[in-house]
Every structure is written in C-alpha cells, then in structure tokens.
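In our numbering, the protein residues as written are 4 to 352.
Misleading hints may appear alongside valid ones.
Ranges of calculated distance between the beta carbons of each label pair, as one might list FRET restraints [what the hints assert, rightly or not]: (1) Arg-223 with Glu-302: 37 to 47 Å; (2) Ala-246 with Ile-7: 56 to 66 Å; (3) Ser-82 with Asp-228: 27 to 37 Å; (4) Ile-47 with Ser-313: 52 to 62 Å.
These aren't lab readings, by the way, just hints derived from the structure by calculation.
Since the model is a prediction, treat every value here as computed from it, not as a measurement.
The beta-carbon is built from N, C-alpha and C at its ideal position, and this holds for glycine as well.
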Amino acid sequence: MVKIAEQPEGAESPKLTPKQKQVIAFLEENSAASVHEVCYALNITAAVVKRLVEKGILEEYEYQVFRLENTVSKTESPSDIVFSPKQQAVFDGCLSLMNSDQPKCALLRGITGSGKTSVFIRLIDEAVKQGKSAVMLVPEISLTPQMVGKFRRLFGDEVAILHSSLSLGERADEYTRIRTGRAHIVVGTRSAVFAPVQNLGIIVIDEEGESSYKSESAPRYHARDIAKQRCFWHGAFLLLASATPSLESYYNAKTGRYSLFELDERYNNAVLPEVYIVDMRIEAQNGNHSAFSMPLIEEMQKNLERGEQSILLLNRRGYHTSVRCATCGKALECPNCALPLTYHKANGA
Numbered sequence: 004m005v006k007i008a009e010q011p012e013g014a015e016s017p018k019l020t021p022k023q024k025q026v027i028a029f030l031e032e033n034s035a036a037s038v039h040e041v042c043y044a045l046n047i048t049a050a051v052v053k054r055l056v057e058k059g060i061l062e063e064y065e066y067q068v069f070r071l072e073n074t075v076s077k078t079e080s081p082s083d084i085v086f087s088p089k090q091q092a093v094f095d096g097c098l099s100l101m102n103s104d105q106p107k108c109a110l111l112r113g114i115t116g117s118g119k120t121s122v123f124i125r126l127i128d129e130a131v132k133q134g135k136s137a138v139m140l141v142p143e144i145s146l147t148p149q150m151v152g153k154f155r156r157l158f159g160d161e162v163a164i165l166h167s168s169l170s171l172g173e174r175a176d177e178y179t180r181i182r183t184g185r186a187h188i189v190v191g192t193r194s195a196v197f198a199p200v201q202n203l204g205i206i207v208i209d210e211e212g213e214s215s216y217k218s219e220s221a222p223r224y225h226a227r228d229i230a231k232q233r234c235f236w237h238g239a240f241l242l243l244a245s246a247t248p249s250l251e252s253y254y255n256a257k258t259g260r261y262s263l264f265e266l267d268e269r270y271n272n273a274v275l276p277e278v279y280i281v282d283m284r285i286e287a288q289n290g291n292h293s294a295f296s297m298p299l300i301e302e303m304q305k306n307l308e309r310g311e312q313s314i315l316l317l318n319r320r321g322y323h324t325s326v327r328c329a330t331c332g333k334a335l336e337c338p339n340c341a342l343p344l345t346y347h348k349a350n351g352a
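Could you build all of it, start to finish, from the sequences and the hints given here?
What follows is the structure, encoded as structure tokens:
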C-alpha cells in the first residue's frame, strides 16, 4: 500500500512529471491504495510509483487483507432478543454454569422452533463481554452460511468461519484472525473445534447427535469428545443442544454427569407441523408396490397443482440399502453382524 508521506515544514516542492502528478492527485482523493490499484486506475507502470517512494513523496507500507473478512456492519443486537419465561430460565441456568470456576457441561433438549439458537446467541454474547472467545459448531456446511449470516448481523467482524470448503488461503486467513484475537467467535463444522481461540469461554454444539460430527477418515475423532477435552483444559462451558440428543449425552444428563435443560414448547406458542406415518406393508397389501405411498403421491400432486414444491429426504447412506439375489431373494450380509451390506456406486457405474 502507498500513501502521501508527511513533508517537513519549509520543504521545497519537488518537480514532478505529469504522471507523478496524477498519482499524487489520485492518492489525495483516495487516501491510500495498493500499487496495483494505482497503476490500474491511472494506466501507468509501477516504476512511476516507485520513483515517488524513492523521493520520499510517497510512503509504502504493508496492509494485510483477509479474503473472508466481513463487510456487513452490525444491524442487530443480542440484547434485543426477548426470551419466553422458559428460555429465560434455561439462559439463567446456563449462564450460572458458564460463570463457574470449574468446567461444566450441559445438554439443552428442545423441540424444533423452541428458540435454542436465541439462547446460544445470548450466552456467546455474555462470553464475549467477559473478554472470552466462543466456538459454535453446526453439523453441515449447508447450515454454515445461514448461521454465519445471523451471527455477523449481531457481532460483525468478530465472527470467523471454518469448514472444509474454504480454500487453503481462506482458511489461513481465518486462523490468523482467530489466533491474533481479531475474531472472538468461530462458526463452523466439526473441524472448527480445533480453532486456535484465545481464552475460550464456551463451545456450543448444535444438533449434537448428528453423525457428521464423527470423522470416519484419518485423523479419526469425534468433535463432541474434542470439545469436552478443550473445555476441561480451558475451564470453559460446553453446551450440547438438540431436539433428538444422542443416547450417550441424554444418559449422561439423566444420570447427573451433565446438567439438563429442556424447552418443550415452540417460541410464541407456534404450532408444530402435522406428521403422518404410513405403513408401507398396508400399501403393499393394497397393491401399491412402489417406493411412494398413495397419500404421499396425492399430496405431491396437490403441491404441483398449486405450483408449490416438494422435498423428499432419504434417510440412508449409499446407492442402495442392500443387494439381493434376483432368484432367491437372499441379501448379502456382513459375516460379523448379519446386517445387509450397503451398496455404494463407484466411478459413475
């Protein structure tokens, strides 16, 4: 970066070429710019700028630019969040644990739409006010932009992002911002649990029962277990949250190893969506042998007629749940546990 250098009083004005005068005028208007920006804007070579630096007319300095640094200013405040009585009770309980001298762990079991995220935000805000850092883990990359957008509207440049889709340069920038204390809040997927935060105050794991928190390739680890150890070492607070917590976490909460908080009502008394369970055995008895039940087909047809969209979620991994013999119907099974082997497509075959 270059800017106009301060000149001593009484110094004579140096003789400048027309191009050098253009550079001075440009920097008087823009305060500072990179050499590349000056050359591009004025259609000149870098030698013109370099000569002005040698004369002492311009001052050259380094300025670090981060690829993902936030350009959106704060538009909301965590203090604007209004809690329901149950949310307030959960927040007060978690805040008491977070302010404890000893590392603590709690499980927040709350139904969808109960306002768990609002509790996270206020707790993270309290940690930042105390000069501490916070890590917020989400299970999928697809959820990261949504969560980051919300956090940046609340906390601005203090938020850093970490997930596997970042380039090496972007990841290095975010690590630098975190390590130097420019970012006190980290939002990301399981790898964000290793973020080099300073003075850790709280780690929040949203949807803690999701299998995506477990790395099935080297290095093998579970983000929840790493978070426990980090909170133990730093004396921080670990908050696990989910509508459907893992069996291990729920057992630990029920046996007193974790504190248990529950939100069993939706915020503002919002109504839960209706859920219908269809027995596909009855569908088969009625002559429907397809993968779709008749009620599902009818509802999808109504959506199409209204010009609306439908989303089908398949709760399985692999291309097919089993491989069966076309003659006898026997499925290939694992020799150790007798479960059907899942078939995975490879190379587009």
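Exercise. Taking 56 to 66 Å as the hint, is the beta-carbon distance of Ala-246 and Ile-7 inside that range?
Worked result: Given a distance of about 59 Å, which is inside 56 to 66 Å, the answer is holds.
Exercise. How does the Cβ-Cβ distance of Ser-82 and Asp-228 compare with 27 to 37 Å: does it lie in that range?
Worked result: About 34 Å separates the Cβ atoms of Ser-82 and Asp-228, which means 27 to 37 Å holds.
For this session: Starting from the range 37 to 47 Å, see whether the pair Arg-223 and Glu-302 falls in it by beta-carbon distance.
Result: About 42 Å separates the Cβ atoms of Arg-223 and Glu-302, which means 37 to 47 Å holds.
Exercise. Is the gap between the beta carbons of Ile-47 and Ser-313 within 52 to 62 Å?
Worked result: holds (59 Å)
Every hint, counting from the list given before, is met by this structure.
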